[in-house]
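Asks: Residues per chain are reported as follows:
There are 4 protein chains.
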Amino acid sequence: MSTVKAAVLTAYEQPLELREYPALREVAPGEALVRVEIAGICGTDVHLWLGQLHVPLPVILGHETVGRLEAIGEGLTHDWRGNPLAVGDRVSWASSIVCGECYYCRVKRQPTRCTSRKAYGISYCADTAPHLRGGYAQQIHLRAGTAIFRLPDSLPSDAVVGAGCALATAIHGIERSPVEWGDTVIVQGTGPVGLAAIAVAKQAGATKILAIGGPPHRLELARQFGASETIDIGAVSDPAERHKIALAFTGGFGADVVIECVGYPGAVNEGIELPRDGGRFLILGQYANAGNISFNPHTITRKQLAVQGSWGFEPRHVDRALRLLEIPHWQQLFAGEITARFPLEQANEALRTVKNWSAGKTVLIP
Amino acid sequence: MSTVKAAVLTAYEQPLELREYPALREVAPGEALVRVEIAGICGTDVHLWLGQLHVPLPVILGHETVGRLEAIGEGLTHDWRGNPLAVGDRVSWASSIVCGECYYCRVKRQPTRCTSRKAYGISYCADTAPHLRGGYAQQIHLRAGTAIFRLPDSLPSDAVVGAGCALATAIHGIERSPVEWGDTVIVQGTGPVGLAAIAVAKQAGATKILAIGGPPHRLELARQFGASETIDIGAVSDPAERHKIALAFTGGFGADVVIECVGYPGAVNEGIELPRDGGRFLILGQYANAGNISFNPHTITRKQLAVQGSWGFEPRHVDRALRLLEIPHWQQLFAGEITARFPLEQANEALRTVKNWSAGKTVLIP
Amino acid sequence: MSTVKAAVLTAYEQPLELREYPALREVAPGEALVRVEIAGICGTDVHLWLGQLHVPLPVILGHETVGRLEAIGEGLTHDWRGNPLAVGDRVSWASSIVCGECYYCRVKRQPTRCTSRKAYGISYCADTAPHLRGGYAQQIHLRAGTAIFRLPDSLPSDAVVGAGCALATAIHGIERSPVEWGDTVIVQGTGPVGLAAIAVAKQAGATKILAIGGPPHRLELARQFGASETIDIGAVSDPAERHKIALAFTGGFGADVVIECVGYPGAVNEGIELPRDGGRFLILGQYANAGNISFNPHTITRKQLAVQGSWGFEPRHVDRALRLLEIPHWQQLFAGEITARFPLEQANEALRTVKNWSAGKTVLIP
Amino acid sequence: MSTVKAAVLTAYEQPLELREYPALREVAPGEALVRVEIAGICGTDVHLWLGQLHVPLPVILGHETVGRLEAIGEGLTHDWRGNPLAVGDRVSWASSIVCGECYYCRVKRQPTRCTSRKAYGISYCADTAPHLRGGYAQQIHLRAGTAIFRLPDSLPSDAVVGAGCALATAIHGIERSPVEWGDTVIVQGTGPVGLAAIAVAKQAGATKILAIGGPPHRLELARQFGASETIDIGAVSDPAERHKIALAFTGGFGADVVIECVGYPGAVNEGIELPRDGGRFLILGQYANAGNISFNPHTITRKQLAVQGSWGFEPRHVDRALRLLEIPHWQQLFAGEITARFPLEQANEALRTVKNWSAGKTVLIP
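These protein sequence lines map, in sequence, to chains A, B, C and D. Residue numbers are given in my numbering: position 46 of the first sequence equals residue 46, and the series is strictly consecutive. Residue numbers are given in my numbering: position 353 of the second sequence equals residue 353, and the series is strictly consecutive. Residue numbers are given in my numbering: position 169 of the third sequence equals residue 169, and the series is strictly consecutive. Residue numbers are given in my numbering: position 146 of the fourth sequence equals residue 146, and the series is strictly consecutive.
For reference, chain A alone in the conformation it holds in the complex (with noise of 0.2 Å):
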């Protein structure tokens, strides 16, 4: 095989283009190549394809991704885990290389906020060898410094991709803003990071869990992840009547924890309303700007919230999510959450499901 096909985003709002480019073989100290064997279709890849976050175009989407080393660089001994690698072996990695280097990333401890941070599938302009640098490829180029993580044979690779970059951005910020065992827990959004929250939520115990998202399928999920209770966005429309529930659901006084996983500003005028006073808000769904909405500070100073957002997340918070899908009951749970898998081909069709909501988890099989 002398050219590799991948599904390239060249224009915004336009369908993706099939390109071929040339195959790898060699690599520098450090680096390795890796054969797609699966990737996720994530939100952020129908944000990144309406142009609500701007890269380098052409670029090859794709930051969820699990397949096979082909070639390993010079000194590339060992996973991030400290497992050795060798050729053959089944991988995933974090979508993310930080600089390590600046104030971000050394005095104030906030590599995730690097000022030269950048994403395989996002960051990467495609016209620009190695080329290869995003999930939808039959192959992908991984830099020196990237954190590999060899997935144990126990582990399937359905369930990495159906958790997606989902669980492990959840972890991140229920770790800013914690969940306690006993707390009671408002998850908004039934997507793939509202079920991620409502995952991380019952595993660190929380012993109420209330949902707000729908369609109706993704609320099934929920209620499987652990949700005691479901409210349909659909079939409640009216925020005040949520509101009501909600209320009612925690005993009158709100949630201990609300974690917004909508990305619509609007859920946060909703969700601000849920704490008890002196609970926690974690503002995790708002990624991109969206716009502002007309909202009330006094909130915050009269329920004395503690109102926490969080940006993506760090390679020891993919440690943490694959050590989670090591549990067979999460691992079952997020490998079923796809229920769409598309050839490369396909990759329009694929982005469209995940548009449309019309799926649980949508995959590439290059």
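Hints are not guaranteed to be accurate.
To be verified - Derived, one-sided and incomplete: chain D residues facing chain A with beta-carbon distance under 10 Å: (1) 101; (2) 144; (3) 147.
What the hints assert, rightly or not - Which chain C residues stay away from chain D? Per the calculated CB distances, all over 12 Å, these: (4) 15; (5) 35; (6) 242.
Since the hints were derived computationally from the structure, they do not count as laboratory data. Computed from a predicted model, the values in this text were never measured in an experiment. In this text, a Cβ means the ideal position worked out from N, Cα and C, and glycines have one as well.
Based on these hints, arrange chains B, C and D on the given structure of chain A.
Replies: Positioned in the frame of chain A, the structure of chains B, C and D alone reads:
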């Protein structure tokens, strides 16, 4: 003396009326009578006068008070700290009483959100016996359960009332959104809460403090309290310009902690851009519901902020405030805030100086 | 019934005496009378019987009790959680009362170290009226200020007494030395406190738990409670061998959290080597002063440990314990701990089963 | 100059030997050569000389060093903080290098416990090229990855070496066992670490600090650094008497935070009784394994203590230390600690002053 005088708010935005009430002599178990020596006028009193917070009218305002014990009820043998109490002792007290039994007091340990919290000078109707439940009066009646503090001789009343409720408010807020030694801090607002926030940040070891406020006589105080630099919002009226100066002050990234002590809701939009990514933003000034702002929640996610609200304070924080005031440096600064003294008969003139920001701290000498 | 029976400790290491006291009918404001239905025997009772903790003799032991309200004093209208109380209600209560006023209660918020804390079944001399202040009796008199909890019908008394004070003790300790989800935990000791620590660690999301204890019937319980692996100290009597197994269990570095629930001081030396560097070591079992050990403090520095002590619990922790017991899984496990029931007349036999570790949990049915 | 001189430890408890090594001129990428201007003698150097910590011999001691860059390798363009580096710059550096890849570096974020950590002046055999890896020499060779800090002109070398590794050590420890503003603190030991702990506690806002140590010239320093009171262990040689004074100092209950900076293991037994119940005890001085003590673990349970160990420091803490030293007050105090200066030829005399506590801080001027 068979009657005592009090300045009473009888109708919003109307002049306070000087009324007479029967002087009290007897107290039930746990209660106390205090001859008021000095009563501070808080910015909240202006909000109350304007009707921005609804309270039972008529009301004797005044929740920052020092006086001498005239009578102490059975069982009231010691102050909150365990020091013995005797008639004639000079005392101050926490302005609020909480039930100690509700969901917020017990289960969630958020006593400032007690469902039946009542505050002297705010929550008690003056038509109801014993009438005298505010500081703008010659005598005040303290309920059983009031957290009374006997003042050491070395601590002048001026320092206690000069610090007022602002200092305990700042201490409570900064407990929830801590300043660590070496931090760079920005304080928005140079009224009593802003100055107190500067003091607490300085005591906690902040090495650089920028105060944004005015007018110039308050910025001069801010520098005395510990601000390394100030921005006069009168002179630099463009928020974009202030943002530029603030960023330069913090080395380009923003402050570790930003403390909003303004009250005007627009200050939240200016303030939320001032912490570094991963920093803390304490909203301390939005006590009154002053309406909505156009706000972008993406900022919280992108900057990965910890935004914290804070409501009131507990007796613990009065204790810490009084201990801070035992340090001569702070004692002198807080006592020095008082620049205007009025007799009870001139309560309206006194209130006006606070409304117009024309004094440092204004007090009544009943 | 004009008298009630009680099993009374009159002299250390001597058999408890069955005595009769005047039955109580009237209560002062805030007080309550309870007809005892079931009283747990705690390991502490054995320490008390052996004279290892000094208490006023004679004393009616018993600080883990469930019964029905026979009389409630004026003003005692609601339980600690705010639920209404009525004669006939089935209740339990926090065993200790604190003053709420001392340096530890108020200033430092360490109420378990209240300078005048008193505990039912421990601190009250049975010679002093109203005599009945311990659970090993048909009736118990509760002082005003006791934190009473009305038990929901769905929560059997067996679960409450099966969990006993051990569960609240574990909750308090782990609050100070937290288990995070995904943590690897080692619990030393498989008595009631050890089992409770396993339960709390499991609920908090620990993914691997090693229990070190015995005898085999208790290790079987430990596995049911959530231990992934157990070491029988009877079978593996060499601490060096146990250390080797524990290290292997934790991947060679040690556990994130080690919880000592043994009581024997030598356990501290074994336990302190078991956390990974930078890990946490919770000393939960050293309630009695059982003397000195030869100890190397360099270990704490070198391993950079956080070593935490914990003393008793607050009503909040009883609340959390009772909420945990509403989860059917835990309810059944804790109720199932009870394997021996005795009438009051056989209190000495009952005490002996605890002393000899020959039962799970032993209770009296007065 | 074709050779450089170094004072070399060739055998424990034997005089250091003055040896010559080939002067270095060339550096590989990322490396640096530094002309040593001043090298501090740390108490650890005495432990090393005594053979209490095993290191590869021969070794050039010295891990507290300031010098000027003579050569900088390719790619080494900026210091740890991002400031540009040039030949001739005056610099200092973190004494240790960690791998950044092991379980402690990555997964558990305890880099001071890196499994392959190496420290200048301690871990490098002087027989192996490039030989010059300790501060007691005219030249030192810095490995790629060393955290180098360019010193601002306003920061004298004396302050940096006067503070030495003690200040970063104290900062790291107190980060784990925090001093809050208003706290009462007891510091055991008035050597460099004790004085640094006083400085950090003072900067963090401690309002009362008791230093227990000696000899008198060091207690005088302790008072200058911020101790409100001191106990001379020479004058008050009975620990029970010291305990009485310490309790009186803290109002009878003990300190909020006690910091052990002695090293002698018996100090742990004295110190552990000095925090108030629920307080913190930071064991900062037990770097060398100096054997066992007879210790009662019940104390930790009964007093509900948080006992914290701390090992070394990270580059972040050097950064904080250097920032602290930019404050003129601290700069002068730490620079003033230096009371003895020796040429390299008198390294043995220098070491002796430290061993005998006969100077403040002793330095070599190579």
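Asks: All hints are to be evaluated individually against the structure, with a verdict given for each.
Replies: Tested hints:
1. 101: Hint on residue 101 of chain D: holds, closest Cβ of chain A at ~7 Å, below 10 Å.
2. 144: Violated: closest Cβ of chain A sits about 13 Å from residue 144 of chain D, beyond 10 Å.
3. 147: holds, 9 Å
4. 15: Holds, since 28 Å exceeds 12 Å.
5. 35: Nearest chain D Cβ is 35 Å from residue 35 of chain C, so the label holds.
6. 242: Non-interface label stands for residue 242 of chain C: nearest chain D Cβ at 18 Å, farther than 12 Å.
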